[in-house]
Every structure is written in C-alpha cells, then in structure tokens.
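So the protein lines, in turn, are chains A and B. Everything in the first sequence is counted per full-length UniProt numbering, starting at 1 for the first residue and increasing by one. Everything in the second sequence is counted per full-length UniProt numbering, starting at 1 for the first residue and increasing by one.
Hints listed in this document are in silico derivations from the structure and should not be mistaken for laboratory results. Be a bit skeptical, because a hint or two may be false.
[Said to hold, decoys possible] Derived lysine to any residue pairs resembling SDA-like cross-links, with alpha carbons at most 20 Å apart: (1) B:K261 with A:L213; (2) A:K86 with B:L229; (3) B:K201 with A:R154; (4) B:K201 with A:S198; (5) A:K124 with B:G233; (6) B:K261 with A:D210; (7) A:K86 with B:M226; (8) B:K199 with A:R154; (9) B:K209 with A:F112; (10) B:K199 with A:D180; (11) B:K348 with B:I293; (12) A:K157 with B:G233.
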Amino acid sequence: MNFSEVFKLSSLLCKFSPDGKYLASCVQYRLVVRDANTLQIRQLYTCLDQIQHIEWSADSLFILCALYKRGLVQVWSLEQPEWHCKIDEGSAGLVASCWSPDGRHILNTTEFHLRITVWSLCTKSVSYIKYPKACQQGVTFTRDGRYLALAERRDCKDYVSILVCSDWQLLRHFDTDTQDLAGIEWAPNGCVLAAWDSCLEYKILLYSLDGRLLSTFCAYEWSLGIKSVAWSPSSQFLAVGSYDGKVRILNHVTWKMITEFGHPATINNPKIVVYKEAEKSPPLVLGRLAFPPPRAAAGPLSSTESKYEVASVPVSLQTLKPAADRANPRIGVGALAFSPDSCFLATRSDSVPTAVWIWDIQKLRLLAVLEQLSAVRCFQWDPRQARLAICTGGSKVYLWSPAGCVSVQVPGEGDFQVLSLCWHLSGDSLALLSKDHFCLCFLETEQGVGTAFGQRADHT
Amino acid sequence: MGDWMTVTDPGLSSESKYISQYTSETKMSPSSLYSQQVLCSSIPLSKNVHSFFSAFCTEENIEQSISYLDQELTTFGFPSLYEESKGKETKRELNIVAVLNCMNELLVLQRKNLLAQENVETQNLKLGSDMDHLQNCYAKLKEQLETSRREMIGLQERDRQLQCKNRNLHQLLKNEKDEVQKLQSIIASRATQYNHDMKRKEREYNKLKERLHQLVMNKKDKKIAMEVLNYVGRADGKRGSWRTGKTEASFFLRNEDEMYKILLNDYEYRQKQILMENAELKKVLQQMKKEMISLLSPQKQKPRERADDSTGTVISDIEEDAGELSRESTWDLSCETVREQLTNSIRKQWRILKSHVEKLDNQVSKVHLEGFNDEDVISRQDHEQETEKLELEIQQCKEMIKTQQQLLQQQLATACDDDTTSLLRDCYLLEEKERLKEEWSLFKEQKKNFEKERRSFTEAAIRLGLERKAFEEERASWLKQQFLNMTTFDHQNSENVKLFSAFSGSSDRDNPTVHSRPRQKKPHGAPSGSPVCTSKLTKSLPASPSTSDFCQTRSCVSEHRYWSIVQSVY
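Looking at chain B on its own, in the form it has when it is part of the complex (with noise of 0.2 Å):
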C-alpha cells in the first residue's frame, strides 16, 4: 500500500492539481503561477510531474501556495487549512491534520474518480463495439431492404404481365367462345338451311319422279311386260284369287287375324319361357330359403341372447316363414299377391345372414388379432425360458458329448485291440452265421435227396442180396457136389474150405458188418459239411455198390440199422 502510494502519490497530487488547475482557473491564482499552468496545460501530465511540482510550490511561495490551496478547498467545502482564528489580526495557522484529512479524502475521491473513469472507459468501448454492430445490422438491412424491394417491383412486373396475359386470353377465350357459338348458329343455320333444301329438292325429286312415273308408266309401255310360257301353280298349291270389292274387307280381316294369332303366339311362347324361367327361379328361391333356414335356425339361440329385438322379431319371422314354406301353395300363387311377402321375408334372411357373416368375420378378426397378441406375449415371456432351457440343454448334450469323446478316445487308446477284435469277429461270425444257415439249409436238402436215394438203394441191395442168395445156394450145391467128387484132394478141400468159409461166413451177422464199417466210414467220414462228396456219394453208391454193402444187405440188415449206422455218422 504504502509501495503504491508512493507511485501514485505524485499522479494523484497531480490530478489534483489538475482539477484545481481547471476548476480555479479563472478564480484566481499568482501571476507566475498562471503562466506556468498554461505552460503545464500544454505539456502531458505525466512527463512533468515533478517539473510541476517543483514548480508550484517553491520556498519563497509556500505560503501563497497553501492559502491558494485552502482558497480552493474551501471553495470545494473543505474544511480549512487554518486553524480557526481567535482575531483578526493574528496569523491564521496551518492545520496539518486538516491537510491531512483533505489530502486523505482528495485520495479517495481520486480512487473513486479513477474507478468510475474506468468503469466509464469500458462502457464506452462497449457502446462503441455496440454502435459498430448495430451499423453494421443497419447496413445489412438497409441492403436487404433494398433487395427486397427490388424483388417486390420485379414480381409486382411480372404479375403485371401475367394479369396482362390473363386479360388477353381471357378475351381470346370469349372471342373463342363467340366464334364458337357463331359457328354454331351457323352450323345449325346451316343445317336447317340444308335440311330445308334437301326438302325441297326431294319435293322437286318427287315431283320428277311422280312425273316421269306418269310418263313411264301411263304411256302404255309395250315394252313393259311379262312373257311366260305358261302360268306355274302356287307353290301352296292354292288357286290366286280375285281380287274384288268385296272380298277385299274380308281379306283385310283375315289377315289381320292372321298377324294378330302370330303376335298372339309370340307372346304366348314367350310367356312360357318367363314361366319356365320364372319356376326355375322360385325353385332356386326356395331352396335358398330353406337352406338359409336350416342355417340360421341352428344359430337363433344365440343371436337371440345378444342381439336386440329386431334380430329377435326377424327371428320368429323367420319361423313363421318355415310355417310358411311347409304351405308349398303359396309358392304356386301369383307373384303379385307373394311377392311382398315372399321378398320382405328374403331380405330380412338376408339381413340376418350378412350380420352373422359380419359377426362372424369379426370375429374371426378378432380371434385373429387375439391370437397374434397372444403369440406374441407367450412367445415373448417363454422365449426367455425356453431359450434357457435350452441352452442348458445344449451345455448339457455337450458335456456328454465331450465326455463320451474322451471314453471313446480312451478306450481307443486303451483297449483299442481287443474290443475291436471282438466287434470285428462278432461282425464276421454274424455274415459266418449267415453263411452257414445257408448251407444248413442247403445241406438238408441234399440230405433229403440223399435219403432217397438211398432208400432206392437199398431196395436195390435188397434186390440184389436176394438174387446173390440164390447164387450163393447154387454155388454151395455145386461146390457140395464138387466136394463130393473131390473128397481126395486136400489142399484143395482145405482151400475149398477156406473159401466157402470166405463165403459162408458172410451168413454169419457180426462178420460184414466189422467189414463193412470202415468202407461206410469213408465216405461218411469225409467232411460232412462238403456236399460235392456226399453227391458223389450218393451218385456212385447205386451204380456200383460195394461188396460189403451187398454184404450188409445180403444179410438182412434192416433199414433200421442202416439208418442208425448213418445218424451214428452224421
């Protein structure tokens, strides 16, 4: 404070001084004084502060100078800078706290001064930034004003030429209309003009054609005739008959009767078809009653809870019109007397049956609409859910998926060997399986084959044995006999012996059979599953059949015992 003080001191002595410089001017200052003041004046204030200083107030003048100084401080109302005199004659003194206080108060009016300079300053500026704007606007629309003003002449031209046009068109379009109205006239003048020559001239044609026609005619024109041969008979038949007088009214009667009995029948025949038609028509009338009828009927319970009382009335109408239609005689009246009736009661059914398809339709609109609404709530609330669910459940199916990837991939890993083996075998004992049923069956089938022919084998062996007895008796008679001749030799009888043994021993039961088992068993025993063996079997067995098979049925084995020396095979 004290730092600015000292600043401004100087600047505020200053100011000041200029405020007294300009207030006390004209009052009165010391000649000196007054000179330099306007010599101040003329110079800036800040440059020379202190030259003015010096300048006002010197050794020789303080005395002056403060008088001058409490002259103009009382002028401004100031207290003094004197001390209050006690007389007049004594020497006023100075006060120093009153210069004090003045010079305090001067300060402060020049803070206060210099803020209102500055607060002034700004609000100056603003006005003067305000002013530019506001210039500037006028400028602007002064030229805007301008433009438009320009553009009003331009339109108020324009629609000048156009109310122009308009005049003028206006004045083509009567001068059309006129035109047109005049050829009207004129057409119609014409017309009658030459609708009135064509009179005229067919007048005058007339009268030329009467005339020639009197020329031509009544000039008894040879030349004007017919010649036939002979007169042809009418196509009917009929004689031509004379015309006379008197026959002419009858005629004309006749033939009037004539045209009248055609129009007669005319109407007659048509008369029939509306009939026809019109039967057809009540026909398809009444069936639609009655359909309508059995329609509604159904139905009039409810129209009857909801809809008001006319429905109602036309309801009972209609009952009354099934009453009706049971009296099929009204339909056979004339139109005239059933036709009220008969289109009153059709158009209140029809009423009745536009409502209830309108009803219905609502409805139907309106399930519709319900129906959509719906959807769309329950969709809405358990699209959520739903969603949910099934979200779970895909998290869910996934787990177990990737839990049976991983045991797959183990036991792939694992027991990878073993259980595809077993799957692999299963898969081929299976086709294997297959294969064998298939042979089995046809197996058996040769089996049957082969039984029979087997069966004709034995009866063949059989055969056989037979004859092979009776050979074996005539061989032992004569081998007999031979021995009985030949009881000398004995080598011989030993080996006659031997033979016969060989034979006769076949009589013996037990002995073929040890013989003939393992020749049975060959064939047998081979593969029986294989059935090109048995075939051949079976094929060669009657053809030639072993020894010992002959053997075997030569000694009376029975079929039983074959076949239990087959089965034993099998």
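Just chain A, same shape as in the assembly (with noise of 0.2 Å):
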C-alpha cells in the first residue's frame, strides 16, 4: 500500500472524475484537476469566491463548482480551459445545485425551495420546476439518466413528478401516502421508486416507473422510523434501516420482507468474527530509533499503532445511551450500503457508533463486527469488489474484505485525520480527505493482493 504526498484541500471538496482519469479537489476558491495516477495538475481554475459544492459531469468533461453564498454556479470545462460558464440566481438564491445525468444540464434550488431551475449548456432554454419538496433526498435520477424522479409539495400533500430528462417532459405526477415525504429513491435498474416517510412515522412505497404503487411495507406503528434506505446494486433488495435499530430487507417479487437485521450490542454467536481494534505503542528501542526520526514516526499520534484483533464471544459492544429528551437521538440505523456485487451489506448503528456490522446477503446472517477505537465516521465499498474502506477520523484508514481486515496508517508530518474518504473507479487508489489535506492511497493490484492479505493475516 502506497501513499501519495499530502495535497492542500478546503471543505472536503474532493472527487474523481466519473471515468477516472481526474482527480478535481478545492482550495478555497480554486479548483485544482490533476490526473489520478501520477496526480500532475492538469487545469487550474480559479472561481469567484470559496467552492462550497463541485461535481463532475457524468462525462467527465464539465466541472460545476456552486458558491452558494453568492448564488451562482461556475462551470469548467477540462477540454477548453478558456471555456466558462456562470450561472446566476440572483436574489433567489442557490442551496443546492447538480448536473443532470446527461452533463449538458444543471439543475439550480433556490432558497427556500421555491423552484429548481434547469439551465441548460447547449441552448439558452431554461425550464423551472416548481414547488420541489425540501427533504432529505427530493431529487433522484435512474442510473441510466432517463429519469428524473422529484418530490413535490402542494396544497399540504406529497406527491412524485417524474420527468424525462432528454427534453424535461413531466412523465407522471402522483400523490404518494405519506404524512411527509422524506425521501425517493430509484432502484438501480430504473424501474422501481421508493418513497419514504419522515421518521415520524414507519411507511416505505414503492411506485413503478408508471406510476402505479406496488407495494407499501410498515413495519410498526407509532414510534421512530425508517432513518435509512438503500437499494442493493441488483435491484433484488431494500434495506430499510430504522430507528429501532433494526435493517429490514425487502425482496423485489412480492416486497415483503425477507429478513430483519437486529443490532444487539452483544454478540453471542461464535461464528460472527468480531475485530476489534487495538490500540499498541511500539516497543522502545532506544538502539534503533533513527536520529533524524523518520517521516511516519514524526506525527505526535502515529506513535501509536493500532492492530485488529479477533475477540472471542460473547462480545458486548459500546453502546450510547440516546437522550430521549432531544430531537434526533442518536439511535437507529444511521448508515447503509451494500458491495457492488450485493453479497454484502455493510451498516453502522448509531447507538453503537464505533461499530461496523456487516452482513451476508446469501446467507442473510450477521458475518462481522468491526469494533473501532472511535466513532465511525465514513465507510464506502470498492466499487469493484467487495472491500470496505472505513475511516473514523483517526489517522488510519480500514479495509475489511472477507479475507479479513486490516489498518493502515496514513503517513506523513503531522496528524492526518482522515474525515472522509472515496474510491477510486477502479478500485486501485482511494482518497482520503481530511481537514485541510487530502492524500491518495494506491492499493496493491491483483498480483499484490496475495501479500496485502498475507500482511492482513498478521493484522488479524
């Protein structure tokens, strides 16, 4: 495993262009494209204020940098480096601001949600979308950019626009059940929707492409609900992740629910492997301590390395108690994701923030508990096989895959507490965003992977 020198970053603003070749990242107020292998700069552009949001095109060829301060939005292009393009919204406002699957198109919320506006990059057209719901995930586009699914509000109740994105058509518009409608989801393959409630209360539908309710799942009455969804990449599943601390999982031929996820903060079952994290200081050699000491061992936390170790059931976890008296507890099934080949479903918790829990899809059993030292800040699958990259805003960086897990020390001078990070498309190399830096981390490629897992056996 190699690491990149440190680059300057602001805002965590750091992303790899949708076919890998780029690598764009923020610095206050310029954006810097380098090329993801040898990380040479390619473009430098400089915007009008501090970068709040950028994203890529879908083709890689544009790059929206929104200001949102000021209400505008500038584009860059990659192959016309004099080419440039602002969008203003005046005294409307900008709160958020995304390119339509097909990247000639941005779409523009303006405050207070009173309208999305759809500029266009090839015409002048402009096309307004009113009444855009503002809740958690209002706008949701098909993987193959077709679609534009939209929450809408009016007159007191939800309802669903779908529209064409080729020429902004509204296809379907429906009422959906929902007391407050917190979220829409597509399915990967386009065809389903899935609309949920606000948490007060436990309600998932789901609507095909047309527009008809195919089903509707509640769990329970009268509690907390549903806090996060997420479709796996075959379509076949939903896991719903409540307040309740539990991940259901419904099936894509009835909807009804095949399994239910429970997350107890002990664990009995002598076939879940649980690795917990170590904390070890190194022995003191005094005879072998460089005189110039080198670059790892110079942060003032890296001094202490950390191992995984397999602890032996029955494990009681650490877990939170919630106040109960605030809003949001930190209860509840708070993140979600499966692997790209949907063998694997990775949840975090949030009573139990310092663990990773992942599961077995085939089987439907719990398989792993990773136990870290600190709250888990961010975990992503590789997008290529199924390996997870956690990070708990530490100086570390996690992998876990089913050969075993292991944790990596990020060097370099000082501490380098990696917040967030993102994989590469191809699953070699991995960013890691901390504060005010960002590095990338190469990982061996097939023929390494032997040894990565001979030095993960070690860990383990």
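Both chains come to you apart, so use the hints to assemble them.
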C-alpha cells in the first residue's frame, strides 16, 4: 500500500471524475484538476469565491462549482480551459446544484425551495420546476439517466413527479400516501421508485416507473421510523434501516420483508467474527531510533499503532445512551451500504457508533463486526470488489474484505485525520480527505493481493 | 379363712352394726344405747370396735340387744331370731340357727358391699382422673380457641387493610387510566391541532413562497442569468429540438412509449429470470421425483402387504406417475395445467416417504429397544454361567500356575546346574554358530581370492619353470663342456656329479614333491580358519616363490595335481 504526498484541500471537496482519469479538488476559491494516476496538475481554475460544492458532469468533461453564498454556479470545461460558464441565481438564492445525467444541464434549487431551475449548456433554454419539496432526498435520477423523480409538496400533500431528462417533460405525476415525504430513491434498474415517510412514521412505498403503487411496507407504528434506505446494486433487495436499530430487507418480487437484522450490543454467536481494533504502542528500542526520526514516526499520534484482534465471543459493544428528550436521537441504523456484488451489507447503528456490521446477504446473517476505537465517520465499498474502506476521523484507514481486515496508518507530517474517503472507479486507489489536506492511497493490484492478504493475516 | 374371719370379724360386725346404727337410729333404741351410739359415731370406727362391742351388749342387756337385733333384722327382711312362738304368753326362744344364718348372710352381704365399694372407689378415682384430663383439655382448647380467635381478628384486620389498599389502587388505576385517556386525547387533539397549524403554516408559507416567487422571478431580475462563452453540443450529438405545441404531444407519446418499453424490458428480464429459476426448480423436482420413485418402488411390495388400501392406491398412483414421467412433455406444459397434478403426486409421494421413514424409525427404535432388552436378558442369564465358567478357568489356571511354579522350583532346586548350563551352552553355540557362519562366508570369499591368485601364480610358475628349464639345459651343456674339459679331477668331478644330481634329480618327478610337501604344508597347515595367514600366503606366494614350488612346477605338475594338494590340506 502506497501513499501519495499530501495536498491541500478545503471543505472536503475532492472528487474523482466519473471516467476515473482525473481528480478534482478545491482549495478555497481554486479548483485543481489532477491526473488521477500521476497526480500532476492538469488544470487550475479560479472561482469568484470560496467553493462550497463541486460536481463532475457524467461525461467527465465539465465540473460545476457551486458558490452558495453568492448564489453562483461556475462551470469549467476540461477540454477547453478557456471555456467558462457562470450561472447567477440572483436574489432567488441557491441551496443546491447538480448536473443532469446528460452533463449538459444544471439543476439549481433556489432558496426556500421556491423552484428548481434547469439551465442548459446547449441552448439558451431555461426550465423551471415548481414546488420542489425541501427534504432529505428530493431529487433522484435513474441510473441510465433517462428519468428524474422529484418530490413535491403542494397543498399540504406530497407528490412525486417523474420527468424525462432528455426534454424535461413531465411523464407522471402522482400523490404519495405519506404524511411528510422524506426521501425518494430509484432502484438501480430504474423501474421502481422507493419513497419513504419522515421519521415520525414508518412507511415505505414502492412505485413503478409508470406511477403505479407496487407495495407499501410498514414494520411498526407509533414510534420513530425510517432512518436510512439503500438499494442493492442488483435491485433485488431494499434495505431499510430504522430507529428501532434494525435493518429490514425487502425483496423485489413480493416486496415483503425477507429478514430483519437487529444490532444487539452483545454478540454471542461464535460464528460471527468480531474484529476489535486494539491500540498498541510500539516497543521503545533505544538503539533503533534513527536520529532524524522517519517521517512516519514524526506525527504525535502516529506513535501509537493499532491492529485488529479477533475478540472471542461473547463480546459486548460500547453503546451510547440516547438522550430521549432531544430531537434526532442517536439511535437507529444511520448508514447502510451494499457491496458492489450485492453479497454484503455494511451498516452502522448510531447507538453503537464505533462498530461497523457486515452482513452476508447470501446467507442472510451477520458475518463480522468491526469495533473501532473511535466513532465511525464514513465507510464506502470498493466499486469493484467486496472491500470496505472505513475511516473514523483518526490517522488510519481501515479495510475489510472477507479474508480479513487491516488497519493502515496514513503516513505524513503531523496528524492526518481521515474524515472522509472516496474510492477511485477502478478500486485501485482511495482518496483520503482530512480537514484541509488530502492524499491518495494506492492499493495493490491483483497480483499484489496475495501479499496484502498475507499482511492482513498478520494484522488479524 | 378362719384367720381372715377372725381378723375381719370385728370389723364386719361393726359394719353391720354401723348399718344398723344408721338405719335403726330413729326407730328405737334403749336410751343408754342411744347415747353410746352417738358417742360411737363421733369417734373413728376401727379404733374402738371392741369398746363399742363391749358397749353394745353387756351382761345385763342381752335380751334387749337380741330383741333389738331381731327387730332390726326383721325390718330388713331376715327371718326372726326367735323361734315361732306357740302362744302369746310364752317367752320366745332365741333360734341359734337363724342367728347363724343371719350372720352368714350378713357376712356375705358385707363382702359384696366391700367389693362394690372397692369398685366404686376405683371407678371414682378413674372418673376423677378423667375429669382432670378433660378439664386440662378443656383449658387447652379454650386457649387455642382464644388464640385462633385473636388470629382471625388479626387476619380480618389485614384483609380489611388489603381490601382498602386494593380499593385505593383500583382508584389510582382508574385515575391513571383516566389520565392516560385524557393525555391520549390531549395528544390526539394536539396532533390534530399541530397538523392543522402545520397545514395553515404551510399554506401561509406557500403563499409567501408564491409571493416571493412572483417578487423574485417576475421582477425580470437581471442578475438571474447565465453567462456562457459558447453553447456546447449535446452529449449525444443531437441538436436540441424546439418545443412547440405540436411536437409536445408527440414528445409525450414518445416518452410514454419509451417508458413502457423500459418497463416491458424489465418485466421480460424478470420473466426470463423467473423462467430460468423455474426450469431449474423443475429439474430438481423431476430428479427428486425420480429418486423418490426409485426409492419407493422396491419397497412397494412390503407396504402393500401391511398397509391399508390408501397407501396401496397411492403406490399405484406412483406407478402412474412413473408412467407420466416418461412423457417429458408434461414438464414443459405451463404450470397451471400440471401444477395440481404435480403437487398432488409430490404430496402423495412425500406422505409415503414420510410414513416409510417413520416406520423405519419405529422399527429402528423397536429393534433398538428389543436389542437392549435381549442383551439385558442374555447378560443376566448368561452372566452367572459365564462367571462360573470363568471362575473355573481361573481356578484351573491358578492350579496350573501353581504346579508350574512347583515344577520350576523343583527343577531349579535339583537340576538347576545341568539345565542352565545346557541352555547357556545352547545359547552360546547359537551365537557361535552365527559368528562362524559369518566367518565362513568371509573365508569362502578369501578362498575365492586365494584361488584367483593361485591361478596367476601357477601361470607365473610355469613361465619360470620354462625359463629354468632353459637355464638348466644351458647349465647342463655348460657343465658337460666343463666336464669334458676337466675330466682329470675326480673330486671335482664327484662334486659336480652331486651338484648335477642335485639339479638333475629335480627332473625326477618324485623327488621335488617329497621336498616340497613339508614346505607347502607349512603355510596350509597353519590354522585354516585364520584369514591372516592365508592372506599372507597369497601375498607372499607370487612375490617370493619358494624354490620347491618352482621345482614342482618345473616338474610339470599339472594344475589338477596342485589342486588336489590344496584340497587335501583343507
């Protein structure tokens, strides 16, 4: 595992281009585009103000930089550095901006969700979509980029509009049987739309592309409901994480629940592997200390190494006592992610913030639990294989695969606190983002995997 | 008896007297007697029996006493003490017999009374003790009653308290329920209120939004604009089409078409998948069925014998199914037509299999149980026999061991030396034999070597012999010449002859052999088993051949001959 040198970054804005060739990162008002392999700067763009959001167009030709404070969007072309485009939302303000899947339209949401403006880069045409709903996830495109589903709120009722992206024509418009629609998400095959109610009510509705209600699922009543939703890449399963600390898996044929994954604080089943991160300070060998201390050892925190130990069951995990009198209590399943082959599901229960649970979807059972020393910030699956990268805001990055898991110290001067991470398309490299720096972590290629696993065996 | 009588007599009489005293007290008595009687009653009876007696009847008042007694006795129904008077005037005579009879009767009566008295006394005692006991019991029971009454009162009190509490709790529960209901209603009303307010707020908000929208958007805000250097082409290379009223409808239709196409594709894909899954499941089902049939058919005879008709019919169904199975086409039919048939047949087969398995299980368990029982019985029956047998065997073995020990001891005692030595010798010999065998093989090898060398030696000897012969001839000729030259010297001559003879004699066959033999024997005569010597010999022989050997060879001793010698030595 190799690490690149550390580059400057602000607002955790660092993204690989969809074709995997480039890496865009922001430093204050500057946008830097690098080659993803060599990390040489390909382009450097200067925006008018601090960049708050960036997004690559689907064809990797353009990058939009949103400057919400100014109500501005600046678009840059990679092929023509001199080309520029500036969209000003004026007094309407700007709260969100995104590309349409064709990479030629930009959807800007104005302040107060007054409307969504669709700007075209090809023509002068501007479309407006009225009544967008201000919610968790109100806009979703199908994977093939043909359709846009949009949550709306009119006359105190929730609606969903399905629009054709090619000409922004309304295809279907229907009301949803929800109190307060919280989010919508297309299945990866683009034929089923999941819509779920706000946390006050457990309700998930499944609509066909043509607006028919396929099914409704409600696990329980009178308690806080859905917290997170994830489709499996095969569109076969819909995982619904809720405030009762359970994940329910629905199938795509009957839309009924297949199984229920609880997140108990104690693990008794000896079949479940519990990896426990253990800190160990390296033995201080005086003779071995090199005089200018090596870079890796220079950091204040890097002196403590950590490794995984397989804990013997029964294991009790550290749980947080939720404050019942506060809104948005830290309970329930807050994060869900399917592996790209749909074989594994990683979850995080917010009441056990240090643990990542990995479920075997083929056997429908818990496979492994990773207990970290600090709360898990973010985890993401390798887009190519069943390999999960986890960061906890410390100076380490953790990788799990069915063969085992490993914790890797990020080398660098000072403390590199990994707050977020994103995989390269190929799964060969991983961008690690800290508060004001980022670096790339290059993983072994196929032939190097064996040695990596060997290393892993050492660690586990 | 007489003794007793004497003792009790006064008492008895006194008793009778006593009775009479009480009974006749009022009737009549001489005044003196009366006074005495009063006196008597006041003092203890036993003490002054005699005094009383003496007091009752004195010399003077015999007549009076008798009459008194007679009177008394007659009142009690005894016959009169006097004889029957013939005339009124005549004095009545005392009838002794009657007196005696009366006395006897009185005595008997007295005894009876005494017995009765005793009985009564004991009964009295018994009753007294019973009374005591009962009184005790009564007291105890009374106490118990008291305590239980107290307890009851306590329990009642507690019950009352508990009931009170219960009532209170009920009241509380009711209150709580009411509270809950109230709260629920409050929550509900609040929720409705909240929802209502929310809606109102939302409406207001919407209105505001609308207004804002109008204000912001319709102002023709110059700022809301897009600055582009130049418009870029569409990603798909198409040109953006203008929307007009006409095209809109067609667009819509096209979009609808596409949407349905997508949905159709998805459904087709799913159908394909389901078909594939179905096919696989069917395959599995078919295989299972086949296996079931093959599994069940050999056993169909047995169950038919035992089982009732239902299974029989089912089995015949299986046969039918087996027939059906051969028609593979049924499997390709759509599920609806075959489904019922299929599920039914599978169900039947499954039932048969289940029953069969259950039967087997039962059998197995039965066998198991029986086996256990049998084993138990057998073990118990045979156990004793077996143990007896074993004990016998043990006894026998012990005896055998004993005898053996005895024999051994005897042997050790008597023929210890002979046997052991022979044994030891045997051992020794065996070892020796082994060693000898080894040595023998070694020796044989050496012999082979020796023979080889011998052969080479003989060849060399032959060669030497020839050379010698030539030399001898030369010498002979030379001697001849010398002889011819110096015939004059006799001594010299004789010497020469000797020499000659010595050399020429060797031409003779017998001579050298005689000479050589002891020499030859010497090396061979040495311990034949020792390899050292032979090796020396074999080494030395070609290196320094003895003259005798030369002679021997020169005298054309054939190899055979030599061989014979060697062999003889061995």
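Checked hints:
With a C-alpha separation of about 19 Å, the suggested pair B:K261 and A:L213 falls inside the 20 Å cut-off, and the hint holds. Taking the CA atoms of A:K86 and B:L229, the gap is about 9 Å. The hint holds against a cut of 20 Å. With a C-alpha separation of about 13 Å, the suggested pair B:K201 and A:R154 falls inside the 20 Å cut-off, and the hint holds. Of the pairs offered as hints, the one joining B:K201 and A:S198 holds, with about 18 Å between alpha carbons and a cut-off of 20 Å not exceeded.
A C-alpha spacing of about 12 Å is found between A:K124 and B:G233, which places the hinted pair at or below 20 Å, so the restraint holds. Between B:K261 and A:D210 the alpha-carbon distance is near 11 Å, which keeps this suggested pair within the 20 Å criterion. Under the criterion of a C-alpha separation no larger than 20 Å, the hint pairing A:K86 with B:M226 is consistent with the structure, at around 6 Å. A threshold of 20 Å between alpha carbons decides the hint, and for B:K199 with A:R154 the separation of about 11 Å falls inside it, so the pair holds.
Between B:K209 and A:F112 the CA atoms are separated by roughly 8 Å; this keeps the pair inside 20 Å, and the hint holds. Between B:K199 and A:D180 the alpha-carbon distance is near 11 Å, which keeps this suggested pair within the 20 Å criterion. Straight-line distance between C-alpha atoms of B:K348 and B:I293 comes to about 11 Å, which keeps the hinted pair within the 20 Å bound. For the given pair, A:K157 sits about 39 Å from B:G233 by alpha-carbon distance, which is inconsistent with the 20 Å threshold.
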